[in-house]
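Chemist: Each chain is listed here by its residues.
There are 2 protein chains.
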Amino acid sequence: MLTVDDKNYICSLDYAMSIIKGKWKSVIICHLNRSSTRFLELQRQLPGVSQKVLTENLKELEADKIIKKIVFPEVPPRVEYELTETGYKLFEIITLLETWGKEYIKEFKINNSPN
Amino acid sequence: MLTVDDKNYICSLDYAMSIIKGKWKSVIICHLNRSSTRFLELQRQLPGVSQKVLTENLKELEADKIIKKIVFPEVPPRVEYELTETGYKLFEIITLLETWGKEYIKEFKINNSPN
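So the protein lines, in turn, are chains A and B.
Per the UniProt record's numbering, the very first residue in the first sequence carries number 1; after that it's consecutive.
Per the UniProt record's numbering, the very first residue in the second sequence carries number 1; after that it's consecutive.
Do not take every clue at face value.
[As the list claims (entries may be wrong)] In silico PhoX-like links for lysine-lysine, alpha-carbon gap of 20 Å or less:
#1 A:K23 x B:K21
#2 A:K89 x B:K7
#3 A:K102 x A:K68
#4 A:K7 x B:K102
#5 B:K65 x A:K65
[Said to hold, decoys possible] Sample of chain A residues lacking proximity to chain B, with all beta carbon distances greater than 12 Å (derived):
#6 T37
#7 R38
#8 E60
#9 K69
#10 E74
#11 V75
#12 P77
#13 E80
#14 E107
In short, the hints are calculated from the structure, not lab data.
Think of the CB as a built atom: it goes at the ideal place given N, C-alpha and C, for glycine as much as any other residue.
Use the sequences and the hints to build the structure in full.
Modeler: This is the structure:
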C-alpha cells in the first residue's frame with residue numbers, strides 16, 4: 001500500500017490513475033498536446049463539457065502540476081493552458097492508450113459487427 | 001463523438017479509459033502480466049479487494065476480451081486468468097503509467113515534502 005497526501009493507494013499505478021480518473025481529464029490532456037490552448041478553444045474541442053466542469057478539471061490538473069496556466073498581460077487578459085513537462089510525459093502514455101482504443105474498436109467492435 | 005454498443009464516447013481514448021476505469025481493473029491487469037494466475041493468488045496480491053468485487057471485475061475484463069479464463073479439467077477444477085493478446089498490449093501501456101506514477105511521486109511528493 002502507498003500513502004500520498006494522507007490518502008491510501010494500492011500502488012503507484014492506482015495513484016497515477018487517480019490523477020487522470022473521470023470523464024474529462026485524460027481527454028483534456030490529449031487535446032492540449034503540444035500547443036497552449038485557450039479555454040474557449042478547449043471547450044469547443046470537448047463536446048458536452050460545461051464551463052463549470054471544464055474549469056474544475058483544469059484547476060485540479062493545474063494543482064496536480066499536469067498543466068500550467070499562462071496569463072498574458074493584455075486587456076482583457078488572455079489565458080492559455082499548456083502541459084507541464086510531467087504532463088507531457090503523461091500525454092505520451094495517453095496517446096498510446098488512445099491508439100490502443102482505436103485498434104480495439106476496429107478489431108472487436110467494427111470487424112465483428114453482425115451486419 | 002463515437003458510439004460503441006449504443007453508448008456515446010468523446011473519442012477512442014474515452015472508450016479505452018472506460019475499459020480500465022474503476023479502482024481495480026488497471027491494477028488487476030498489471031498483476032496478471034506474463035503469467036496466468038489463480039483467483040486466490042490474485043486476491044492475495046490485491047489488498048482490500050473483496051471476493052465479490054474481484055469476481056465482478058474479472059467477469060467484465062473477460063467480457064471485454066482483456067483477459068481469458070482457463071479451466072483445467074481437474075477435480076476440483078483449477079481456474080486461472082491470463083491476459084489476452086490485446087490485454088497484453090494494454091498491460092504494456094499500463095506499466096508505463098505505473099512508472100510515470102512512481103516518478104511523479106518521487107518528484108512532487110517525496111522530494112518536496114516539508115520535513
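Chemist: Hints first: check each against the structure and report whether it holds.
Modeler: Verification of the hints:
For the proposed pair K23 (chain A) and K21 (chain B), the alpha carbon gap of about 10 Å is at most 20 Å, so the pair holds. The straight-line distance between the Cα atoms of K89 (chain A) and K7 (chain B) is roughly 30 Å, outside the 20 Å bound, and the hint therefore fails. Taken as a hint, the K102 (chain A) and K68 (chain A) pair is broken in the structure, with Cα atoms around 29 Å apart against an allowance of 20 Å. In summary, the hint linking K7 (chain A) to K102 (chain B) is supported, as the alpha carbons are separated by about 16 Å, within the 20 Å threshold.
Only pairs whose Cα atoms come within 20 Å are accepted, and K65 (chain B) paired with K65 (chain A) is rejected, the gap being roughly 35 Å. Residue placement check: T37 (chain A) keeps its beta carbon more than 12 Å from all beta carbons of chain B (closest about 16 Å). The claim that R38 (chain A) is not at the interface with chain B holds, since no C-beta of that chain comes within 12 Å of its own (minimum 19 Å). Remark: the non-interface label on E60 (chain A) is consistent with the geometry, its nearest Cβ contact in chain B lying 14 Å away (cut-off 12 Å).
Here K69 (chain A) stays apart from chain B, with its beta-carbon at least about 17 Å from theirs, past the 12 Å limit. No beta-carbon of chain B comes within 12 Å of the beta-carbon of E74 (chain A); the shortest separation is about 31 Å. No Cβ of chain B comes within 12 Å of the Cβ of V75 (chain A); the nearest lies about 34 Å off, and the non-interface call holds. With a minimum CB-CB distance of about 28 Å to chain B, P77 (chain A) clears the 12 Å threshold, and the non-interface call stands.
With a minimum CB-CB distance of about 22 Å to chain B, E80 (chain A) clears the 12 Å threshold, and the non-interface call stands. Against chain B, the non-interface label of E107 (chain A) is violated: not every CB pair exceeds 12 Å, the least being about 7 Å.
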